[in-house]
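Colleague: Residue numbers (this note's numbering), protein chains in the order written: chain G, 1 to 447; chain Y, 1 to 447.
You may find that some hints are simply not true.
Any copy, or any two copies together, can satisfy a pair, since identical chains are not distinguished.
Only pairs whose alpha carbons sit at most 25 angstroms apart, straight line, appear in this in silico DSS-like list of lysine-lysine [stated by the list, open to error]: (1) K229 / K94; (2) K6 / K391; (3) K6 / K229; (4) K356 / K410; (5) K410 / K95; (6) K356 / K95; (7) K136 / K243; (8) K243 / K33; (9) K33 / K356.
Simulated from the structure, these hints should not be mistaken for lab results. Predicted model, so just to flag it, every value in this text is computed and none were measured.
Protein chains: 2
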Amino acid sequence: MCSAAKTAQIITVGDELLSGAVVDTNTATIGRKLRELGVTVLRAVSVGDDRDEITHAVHQALDCDLCLVSGGLGPTSDDRTAAAVATALGRELKKNSTAEQLVAAALARLLGHRQRDVDTSSLPEVPADLLARNVKQAWMPAGAKPLANLRGTAPGIEIEQEVDGRVCWLMCLPGVPSELAGMLDTEVTPRVRARFARPALWQRIYRTFGVGESWVAREVEEVLAQARKTPELSNLQVHYLAKAEEVTIGLELPQAPAQHLRDELDQRLLQALGARCYGIGTNSLPVQVVHTLTALGHTIATADACTGGQMGVLLTAVPGASRCLVGGVDAYANGVKTDLLAVSPDLLARHGAVSKEVAVAMARGVRARLGADIGVALTGIAGPTGGSPDKPVGTIELAICDGRGETHRKVVLAGSRVEVQRAAAARGISLVWRRLAQLGHWTQEQL
Amino acid sequence: MCSAAKTAQIITVGDELLSGAVVDTNTATIGRKLRELGVTVLRAVSVGDDRDEITHAVHQALDCDLCLVSGGLGPTSDDRTAAAVATALGRELKKNSTAEQLVAAALARLLGHRQRDVDTSSLPEVPADLLARNVKQAWMPAGAKPLANLRGTAPGIEIEQEVDGRVCWLMCLPGVPSELAGMLDTEVTPRVRARFARPALWQRIYRTFGVGESWVAREVEEVLAQARKTPELSNLQVHYLAKAEEVTIGLELPQAPAQHLRDELDQRLLQALGARCYGIGTNSLPVQVVHTLTALGHTIATADACTGGQMGVLLTAVPGASRCLVGGVDAYANGVKTDLLAVSPDLLARHGAVSKEVAVAMARGVRARLGADIGVALTGIAGPTGGSPDKPVGTIELAICDGRGETHRKVVLAGSRVEVQRAAAARGISLVWRRLAQLGHWTQEQL
């Protein structure tokens with residue numbers, strides 16, 4: 001589009017992406033990386049393991065400066081990316097001797113790694129015909145350079161094509177997400193950085209929870225309309241992203257504005273959004289909660305009765321969670337609630353497992369039992385069955401107990417069982433954040 | 001491409017999809033639905049909130065019988081789908097009065113729903129100007145019909161366009177995943193079924209774990225080569241899908257073959273794959289484990305020390321998990337291991353928290369403490385720090401204890417912290433399955 005900006009197309013290959021058997025996470029992984037590198041992704045195309053459709057998509061990508069292809073480099077008969085790229089670029093498919101060495105080395109590494117697995121007895125031996133079959137992965141379009149893949153057997157493919165005096169630069173990477181991620185870091189990033197030398201976009205992300213996109217947009221648009229009157233900020237772009245219980249607001253400019261303008265923008269937006277803004281930057285709510293608890297030297301324990309322990313999973317996903325998370329109890333059966341969390345059987349009988357009283361007792365119980373500063377608990381009906389007129393499917397009772405007091409909250413969430421479980425856990429984490437904010441512990445992390 | 005098959009293109013809209021801020025799950029959701037309806041998806045395209053790119057993608061879709069668009073129907077200024085579709089089809093954008101009524105009804109429903117939320121104090125009131133702003137969602141290309149959205153404010157858009165004597169049928173749906181899923185069921189499915197009346201593809205999925213794609217393909221291709229000699233099976237298509245610790249094998253035919261041929265295929269493939277095949281059909285491993293445990297009347301409890309309780313989350317996601325899952329303990333801190341799981345401090349000191357001995361003690365402890373038939377435990381180093389030469393990042397010790405014996409397994413997993421955590425939990429579930437299979441409890445669920 002704009003002549004100065006470098007543009008890209010992403011192509012992901014695999015019947016499983018179109019049939020919905022798997023969700024394509026590779027487009028997002030590549031998109032994030034290109035964003036960091038200051039490259040604008042114009043479109044992302046998923047096609048099946050169909051030579052014509054792959055060929056067509058590669059053709060379409062030739063109007064971009066860069067095309068990243070993921071998938072279809074495997075050893076089986078339905079892996080057709082190399083052949084389709086060759087066709088699209090009008091080149092021959094040839095065995096590449098460097099690539100052949102890479103494949104052999106990768107297989108050796110793989111066998112070595114498997115031998116570290118103590119339970120090798122159940123792994124089949126790799127026979128000679130399998131080794132031969134992997135050599136298919138060394139066939140590439142003429143003129144291509146292989147890219148090293150340290151996590152799998154398929155080397156990547158790098159190739160340039162001149163079209164109407166411009167160059168389109170293609171890199172084909174494997175579809176296995178961990179292999180793709182590794183190669184984006186070790187192979188793609190240094191090459192793109194060296195060749196394009198793009199200044200990264202200036203981006204700033206404001207994160208809110210517990211309010212809808214309309215409310216957020218109304219508050220933000222007013223501030224931005226004012227800000228855009230300053231010439232340096234006139235191109236300020238905004239994107240809203242509603243996800244689970246959160247709305248994030250992304251601002252963008254081709255270059256970073258002066259510090260005083262950034263400070264003023266922060267100040268105005270934080271004023272408009274109030275306590276609903278839990279942070280600025282890339283840190284999700286669980287990250288903010290873990291960092292804040294750690295900074296305060298507070299510990300936390302979780303009790304759960306309908307999501308299988310998902311609050312614990314959200315917190316444990318944050319590196320360094322061990323500094324504040326003691327652990328948790330997944331009290332699915334009522335016996336676990338009474339035995340491990342000291343919820344009285346009488347209370348359970350009187351109010352039912354899904355009640356304010358039981359949620360509060362669980363929060364108290366897990367705090368005391370695990371010796372944490374804060375106990376957070378949730379109990380509810382994830383569905384699809386088990387609801388009643390009083391307590392419909394999606395009813396979640398949440399409670400937090402921190403020695404200074406107890407907070408309770410009830411919500412009725414919509415969606416499938418798994419959606420309700422995810423949203424319930426997110427509400428649990430936001431309840432912790434809300435309590436920390438109430439206590440004045442707002443530690444805002446900056447980009 | 002075959003003239004008899006109905007073809008489709010999926011378009012998902014949103015800058016956040018290209019920047020990688022969110023993973024596009026809508027393409028997979030739509031893809032699964034269309035597959036069920038016997039419609040072949042040729043390609044899926046993601047574009048940003050850019051009118052030209054959306055217009056271009058809609059143009060490209062006109063070679064298909066059906067085009068489903070998701071996203072960009074929201075109330076904010078960066079929602080541009082309706083306008084772009086109007087441009088692509090050369091139609092005017094007009095306010096649709098039926099759509100306007102749908103928007104008003106949706107807002108009323110939303111307010112009613114929110115009032116069920118006990119904690120309404122923190123929700124902002126919806127003022128009149130917000131109501132007015134949502135009316136943007138009633139503007140549609142001339143000739144379009146609105147589609148009801150029971151979970152949000154944006155109505156869908158249905159419109160037909162004649163191109164070279166053929167008709168391309170477009171439906172635009174919201175990007176919020178729960179709204180999209182609801183409308184696929186209530187609006188899209190009945191319409192597509194009525195109009196296309198397609199016989200669904202015959203599909204059969206064989207599910208394996210613990211072996212690589214190459215091994216699986218080698219075993220399967222031999223059986224299939226033989227099977228294809230039978231005329232009725234000559235068009236047998238196969239797709240392999242490697243995901244986390246699993247490889248699934250999908251077979252397809254335009255029509256279901258005779259029962260005796262299906263039985264023979266099953267028999268040959270199960271013989272070739274052996275115990276590595278854990279089931280036939282759409283049920284994932286956690287579903288198979290929950291169903292098998294329930295059928296046997298066995299209960300299970302989980303103990304976890306590095307994933308925050310992810311085995312519990314995997315099992316609890318299965319509807320009806322309450323019939324076999326008692327609960328679990330997220331024993332992140334060593335104090336929780338000793339206190340709740342009766343792991344001796346001496347054992348911890350001697351072998352370290354990540355050891356066979358501690359994993360076995362945790363499995364025993366959680367089984368005894370929660371009174372379950374089976375206890376499964378895992379402890380490990382999820383990273384990114386905390387590794388040592390002896391116990392590198394990714395080391396996971398797993399154990400299962402079922403009263404008749406104990407099984408232990410050690411693996412070293414690659415990937416990020418979250419990837420290691422997910423794979424570790426999957427290994428834990430597969431250990432349970434393996435034990436059930438050892439005991440002869442193979443209950444195969446059929447498609």
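Colleague: Hint by hint, work out which the structure violates, then give me just those numbers in ascending order.
Modeller: 1, 2, 3, 5, 6 and 9
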